[in-house]
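Q: Chain A is already provided as a structure; the job is to place chain B on it using the hints.
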Amino acid sequence: GAGVSQSPRYKVAKRGQDVALRCDPISGHVSLFWYQQALGQGPEFLTYFQNEAQLDKSGLPSDRFFAERPEGSVSTLKIQRTQQEDSAVYLCASSLPQGWEYQETQYFGPGTRLLVL
Amino acid sequence: AQTVTQSQPEMSVQEAETVTLSCTYDTSESDYYLFWYKQPPSGQMILVIRQEAYKQQNATENRFSVNFQKAAKSFSLKISDSQLGDAAMYFCAYRSAPGGTSYGKLTFGQGTILTVHP
Numbered sequence: 001g002a003g004v005s006q007s008p009r010y011k012v013a014k015r016g017q018d019v020a021l022r023c024d025p026i027s028g029h030v031s032l033f034w035y036q037q038a039l040g041q042g043p044e045f046l047t048y049f050q051n052e053a054q055l056d057k058s059g060l061p062s063d064r065f066f067a068e069r070p071e072g073s074v075s076t077l078k079i080q081r082t083q084q085e086d087s088a089v090y091l092c093a094s095s096l097p098q099g100w101e102y103q104e105t106q107y108f109g110p111g112t113r114l115l116v117l
Numbered sequence: 118a119q120t121v122t123q124s125q126p127e128m129s130v131q132e133a134e135t136v137t138l139s140c141t142y143d144t145s146e147s148d149y150y151l152f153w154y155k156q157p158p159s160g161q162m163i164l165v166i167r168q169e170a171y172k173q174q175n176a177t178e179n180r181f182s183v184n185f186q187k188a189a190k191s192f193s194l195k196i197s198d199s200q201l202g203d204a205a206m207y208f209c210a211y212r213s214a215p216g217g218t219s220y221g222k223l224t225f226g227q228g229t230i231l232t233v234h235p
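Those sequence lines, one after another, are chains A and B.
Taking my numbering, the leading residue of the first sequence gets 1, the next gets one more, and so forth.
Taking my numbering, the leading residue of the second sequence gets 118, the next gets one more, and so forth.
Here chain A stands alone, though its shape is the one from the complex (with noise of 0.2 Å):
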């Protein structure tokens, strides 16, 4: 497709179980992000790639965050021992390579919903 596509679109957990969300860039991008938005709040950022490297992972809110993108285009970003707190939406973006015109714009997916009980 030619969007960010983002999967599943809804996932309900049980406290304490693990979780994984999968994003597919847009075809040529190079970099990628991970957000967190909180119902009703702007998002907050988590991670960010570039082709494989994780370049920033300052944002994961603990060590049960974590981000993978080990071929340089799929990402996935696994919760282990979900809690309540981690409910939320989770928006994945990318952008062109560095050099390119409009590089700094990032687009994003629809989002995968994530709701803990």
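By construction, these hints were calculated from the structure, which means they are not laboratory data.
Incorrect hints may appear among the rest.
[Said to hold, decoys possible] Label-pair ranges, simulated between beta-carbon atoms:
# : chain 1 : residue 1 : chain 2 : residue 2 : range
1 : A       : G59       : B       : T232      : 29 to 37 Å
2 : B       : T177      : A       : A2        : 47 to 55 Å
3 : B       : P126      : A       : T105      : 23 to 31 Å
4 : A       : S87       : B       : T232      : 23 to 31 Å
5 : A       : S7        : B       : I230      : 34 to 42 Å
Yeah, the Cβ is synthetic: ideal placement off N, Cα and C, and Gly gets one too.
A: Then chain B, alone, in the frame of chain A:
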């Protein structure tokens, strides 16, 4: 660290009228990018307009324009001829330029809910 503030939690406008959404930011950097994104109830974050800080000319995209005041660190969005489809949550966002302290991530404001009345 950079911060972005949207002081208007909610705004409303009549269809076909003009509305301005406010955004201020705090940074010590001289080069950066600013964005307005729109998020309708579907949840999709859609780019509305972008501005490079080194450009003095205000960006425009059809009915959307910005008033970028670099010295005042202000970046407001004007929507002209408002349409029902403009109803959404609007977010202002900041991104450092390459070499900046937080290059990569977007820092978002808290958002402004825009209601358009027919």
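Q: For each hint, tell me whether it holds in the structure or not.
A: Going down the list of hints, with the structure as the test:
1. A/G59 / B/T232: 29 to 37 Å: 31 Å, holds
2. B/T177 / A/A2: 47 to 55 Å: 25 Å, violated
3. B/P126 / A/T105: 23 to 31 Å: 26 Å, holds
4. A/S87 / B/T232: 23 to 31 Å: Holds - the Cβ-Cβ distance for A/S87 and B/T232, about 26 Å, lies within 23 to 31 Å.
5. A/S7 / B/I230: 34 to 42 Å: 28 Å, violated
Hints 2, 5 from the earlier list are contradicted by this structure; the remaining hints agree with it.
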